[in-house]
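Q: Since chain A is already given, all that's left is putting chain B on it; use the hints.
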Amino acid sequence: MSQDIKKVLLLGSGALKIGEAGEFDYSGSQALKALKEEGITSILINPNIATVQTSEGVADRVYFLPVTPYFVEKVIEKERPDGILLSFGGQTALNCGVKLYESGVLEKYDVKVLGTPVQAIIDTEDRELFVEKLDEIGVSTIKSHACNTLEEARQAASDLGYPVIIRAAYALGGLGSGFCDDEEQLNAIGTKALSFSPQILVEKSLKGWKEVEYEVVRDRFDNCITVCNMENFDPLGIHTGESIVVAPSQTLSNRDYHKLRELSIKIIRHIGIVGECNVQYAYDPQSEDYRVIEVNARLSRSSALASKATGYPLAFVAAKLGLGYGLFDLQNSVTKTTSAFFEPALDYVVCKIPRWDLGKFQGVDRELGSSMKSVGEVMAIGRTFEEAIQKGLRMIGQGMHGFVGNKELKVDDIDKALREPTDKRVFVISKAMKAGYDVEQIHQLTKIDRWFLQKLMGIVRTDEQLAAYNSINDVPATLLREAKRKGFSDFQVARSVIGDGEASLAVRQRRKELGILPVIKQIDTLAGEFPAQTNYLYLTYSGVASDITLDKGSVIVLGSGAYRIGSSVEFDWCSVNALQTARREGYQSVMINYNPETVSTDYDMCDRLYFDELTFERVMDIIDLEQPHGVILSVGGQIPNNLAIRLDEQQVPILGTQAQYIDNAEDRQKFSSMCDRIGVVQPAWKELTNMDDVNEFIAQVGFPVLVRPSYVLSGAAMNVCSNQDELVRFLRMAANVSKKHPVVISRFIEGAKEIEMDAVADKGEIVAYAISEHVEYAGVHSGDATIQFPPQKLYVETMRRIKKVAKKIAQELQISGPFNIQFMARDNDIMVIECNLRASRSFPFVSKVLKINLIELASKIMLQAPYERPTKTEFDLDYVGIKASQFSFSRLQKADPVLGVDMSSTGEVGCLGDDTNCAILKSMLSVGLRVPEHSVLISSGDAKQKASLLPACRQLMDKGYQLYATGGTYRFLIENGIRCTQVYWPSEEGQPQALDMIRQKEIDMVVNIPKNLTTRELSNGYKIRRAAIDFNVPLITNTRLASAFIQAFTQMSLDDLAIKAWDEYGD
Amino acid sequence: MVLEDGRTFHGTSFGYEKAVTGEVVFNTAMMGYPESLTDPSYSGQILVMTFPLVGNYGVPSAQEEANGLSSYYESDHIHVRALVVSDYSEEYSHWNANRSLADWLKEEQIVGIEGIDTRELTKVLREHGSMVGKIVFDNGEDIPFENPNLVNQVAIVSTREVEHYGNGQKHVCLVDMGVKQNIIRELLKYDTHITVVPWDYDFNQLTDIDGLFISNGPGDPNLCLKTVEHVREFMKTGKPIYGICMGNQVLSLAAGAIVTKLKYGHRGHNQPVRLMQDGKPTEKCFITSQNHGYAVDNATIPEDWEPLFINMNDGSNEGIRHKTKPWFSAQFHPEACSGPTDTEFIFGQFFSLL
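Protein sequences appear in the order of chains A and B. When we follow the numbering used here, the leftmost residue of the first sequence carries the number 1, and every step to the right adds one. When we follow the numbering used here, the leftmost residue of the second sequence carries the number 1, and every step to the right adds one.
Since the hints were made in silico from the structure, they are not lab data. There could be a bad hint or two in this list.
What the simulated footprint calls covered on chain B by chain A, stretch by stretch (three residues with Cβ under 8 angstroms from a Cβ of chain A suffice, anywhere in the stretch; the number is not a length) [as the list claims (entries may be wrong)]: (1) 176-187; (2) 338-349.
Distance windows between CB atoms, simulated [what the hints assert, rightly or not]: (3) B:Ala-66 - A:Ser-158: 30 to 36 angstroms; (4) B:Gly-168 - A:Pro-198: 21 to 27 angstroms; (5) A:Glu-38 - B:His-10: 46 to 52 angstroms; (6) A:Glu-136 - B:Glu-146: 24 to 30 angstroms; (7) A:Gly-436 - B:His-10: 42 to 48 angstroms; (8) B:Ala-66 - A:Lys-410: 54 to 60 angstroms; (9) B:Leu-150 - A:Ser-333: 38 to 44 angstroms.
A few chain B positions that, by computed beta-carbon distances, are all more than 12 angstroms from chain A [unchecked claim]: (10) Val-136; (11) His-171; (12) Leu-225.
None of these values were measured; they are calculated from a predicted model. For each residue, glycine too, the CB sits at the ideal point set by N, CA and C.
Extracted from the complex, chain A is given alone in its bound form (with noise of 0.2 angstroms):
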């Protein structure tokens, strides 16, 4: 190791977004692990306030700050780092690290890059540097003939051989292009796609080849290994983070296999690489040639997936090498007496899987493809590939049981659902299954292998034969253990035998009785050969044996399974604060959860890490098996707290607030009964049974009015309807997630401000809370608001209403953990809207900012420990925190960018400042907005809307910006004396356009404020805002945070933003 290094930097992802997750956060806390076994002092630069890589004690120093090369640049004038590590933080710290090395930066600070080269990284992002490096060793890719005539694209086509890919260069949205499969039809698309464009590109087509990829590893020895390969059941054409993914590879022959392999490390070589990279391959289902598709020179969502898929901290080791190891100076981790230097032999099969969420987005385009709209995924482990598949499909958390035994899918035309897919394709297959399809007819649809076309119809076929018998107990033993080993849940077989999956408790005792259990195996990375004392385990029912026995008296911590619109990386910050706590306080620590973007999933963080399901069923065989002290729900969001009911009938002791209190809680009824009872205020509301009661409430209360199912997930089922249309829209979505439970609607208060409270409590008694406002007004989603911590312009009277509001709840519900209220207000006036038991979204901000470690507190108090009640309040805190959401529109196309109704932020940050506008300006420039240099598009809506934007417009004005507004703004703002330009709207005549003035980047911010909350057709407000993301403008939507980042730009610059770390704030 070289032993110049005492202090380096490290640059993480900073918010979550589609393409850039939670993966990030695990392999830089692996990373800042290694610097510490170094001694070596590590600063980070991630505004990701939720993050466990910006816990205490995870690097030496935190700044929450945008990853961009001015505010590096000034982390590091002020750090004097001696290293600098880029490739932990996905493509944001890559792309940031290779901007400060073209701009001398690095130099000019003598900074070293640690690990990969910058050079090597700008051969693998430059598509044509990438193309000739790889020719350089006679390795193919993807290459494109640009033609200018149908003659060279003749030669072109004939040169690369059909059938060959058309695309028209210089045109988004694939207009023009083509497959060919002859000359004949090249000719014909060919002539097209020239008409829309002077030149086309020429490509061959690689439709329905194989996508394989390789992790691969180098030390500066030149030493390497590729630590896992991985296979997209999806054919080459979706997106890898789109696709289903095996690990290893099950179609691959050695020859195969092996082939790909060498090429890997030829690559790795050949570029340069220190440390870890990813190999994609498009290879040819019917002989063996193959093509490069893409390297990436950085820890990548495949790499997390391969940590978690083998066992190998890819992170953790090239972080080492990075530092200069060897890789036979490092041991394995698991084995602990064996070398680093191997390759990973799996005794398992994992199956990845994605998770959407575009029933979330208004107009988004549902076809997969090349671009990526997951996000999240979970990864589950099996000992056949169908019980690996069938728990995934189980853990995406969408409703599904499997493969087999859902709901009926509704499909208009199977066929086509097959050729072009969905985010339901998997289930598109099920149903051609069972509707007579065979593997030959699904493969020439969807070239899916039919090796695992195979494998899902064999489970379609076990689900046929169970469907035979009538009675669970008729079932042979040997039907239903093969049942098991295939990955059918006690749900499934019960819906197949009986048609009931309710009944899947006489499933789980007539399995008992017959002796047919799940084993716990270990994942040990060397499938056996060696001893290994790893706590990495799943469950399988192909086993005779487990791996290893329990000690009773365990604390086993439900995590968040996979991250989704409403439920990300806050979660797994609680988890793991909980399981950290519990491990202090001498209990051995149990983690369930099935995501492998986590780092609550690394194995290093609990006693135990079960990574499998967190159905009932799952959840019920591990409590079997460990017979713990207890079960924490409230950490890992809405996932185990509706276990809670369940697990409470089968005697399981739940840490904490009880069963029968949260369901008091999450029952609207109970609450609100409870509520009247305690004299707590809330909306006027009504449970909804059929529409006739809907619109006479509505008659009475008006819209808009707020919309829920009882049982609360996420945004999709809480919504503030404006409108007939709308609430009818909803309401049929909302049904569909929850038949169970009534629909309530409550009155909706416009203009009211949002306040949260998040707090934990000790047998009903409030031991610390920290309260916090919206920037917003009600109305925005509390998931996609900026929220400000401590608040700055609330009455006191009005806090103090809150707290004993509050007082009162956590008496009623005898509150033992972490719980979240939420509250509007309006003057003075306070109501409730929810009460969660459980811990919310913004713990781990209020936690930082306060620097209280609510979690820990709360989970001390569950397990019944000793504790010291916090003495300091926010009222102490002479700084401010302000948490904003991370949109991923772009990545969404056709999605309308406008915040309300549901959740669509995929993430946020939290950054600190002085004051409120510098704590703004950090974090809306963390969030990817930029400061506007010259000019701003208004178009403001309502009057009302109109009128609170115009100090801000006065502010613009003031600073020199150029206004341009739509028609009704403009007059508004001429007649209050601000001086603007009209841009008319695309339905209107006239010029300026305002979208040719996006389109040529003549505006550098857009601020549309929609003027109701209406579902929108392609209106005019739409096209601009899309517009808006398309050609990478800042957008705000929103009138209270457009105003406050405005005024906090005008009133300060960049050069004002103090330069602080965490630590330097407060004490």
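A: Quick look at chain B alone, frame taken from chain A:
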């Protein structure tokens, strides 16, 4: 399936049905069953695959190249006595396959069973060491245990006749201890012609050979003392010698070292070895394919020899080299098939000495 310590595992047959006995060994490779099954080094053994899914890509045809070598196999038939897996894939999918693994096993009258907890079985073998076992069928014949290591397995699998391959310049004599055909394919990539001789053939009578190559093979090297004698005699010529696997053990015995049985052997594609220089580890490491139950005792390597490679997991010997003469060897399989190809360069090293 019954182990000699009395432990039993119940599975289902997917291959030929007959009672068999042999040494039960496990392999941690995740693919490469056609190559492994035809590897003569498995002679006498019941092979347990730790990777649960087997049979996915079927079996390639028995097609042969013009020189008589098989296109896809490592010998002309299956050498394991039985194959034990967790989850056999009844249907297969691969462009190069022409039948299922089950069909092939039945055709060659080899036993195959599935539904076995191969991880548990592996742990048993790891803790107890390799054991003799047998597979018997319901209502079928029972047979006594038989330890194949008491029999000279090399004599069973070695060629009966002298064979010739290639027509290049340099003449390599390849002693067939149970040779994998990829060793021949690798040597033929260079400007060589090869004479393959039986294990007990006295190649010292061939005076025009430029170098001696001793192949891999099954069982206990201490039963191949005839070969050892011949190698010792050949050393007098000072010509290059290279040994792979059994070849390493034979060369070591000829040098005067001792070869003993490992507790459960090394079988898999992920075995790390480190290159040694002057008795010290270098910074060069390789991932290797391995299949052996016996190993050279490092402590017994004579003065004028030294370890060439060391296993990074357990420190066992992975090859030796003479300090001055062009004699060296590898315990692992540079010819791969199945497994990683990282050490293929060794054939080039050997050729450059000729």
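Q: With reference to the structure, classify each hint as holding or not holding.
A: Okay, the hints, checked on the actual structure:
no.: 1; hint: 176-187; verdict: violated (count 0)
no.: 2; hint: 338-349; verdict: holds (count 5)
no.: 3; hint: B:Ala-66 - A:Ser-158: 30 to 36 angstroms; verdict: holds, 32 angstroms
no.: 4; hint: B:Gly-168 - A:Pro-198: 21 to 27 angstroms; verdict: violated, 56 angstroms
no.: 5; hint: A:Glu-38 - B:His-10: 46 to 52 angstroms; verdict: holds, 51 angstroms
no.: 6; hint: A:Glu-136 - B:Glu-146: 24 to 30 angstroms; verdict: violated, 57 angstroms
no.: 7; hint: A:Gly-436 - B:His-10: 42 to 48 angstroms; verdict: violated, 36 angstroms
no.: 8; hint: B:Ala-66 - A:Lys-410: 54 to 60 angstroms; verdict: holds, 59 angstroms
no.: 9; hint: B:Leu-150 - A:Ser-333: 38 to 44 angstroms; verdict: holds, 41 angstroms
no.: 10; hint: Val-136; verdict: holds, 18 angstroms
no.: 11; hint: His-171; verdict: holds, 30 angstroms
no.: 12; hint: Leu-225; verdict: holds, 31 angstroms
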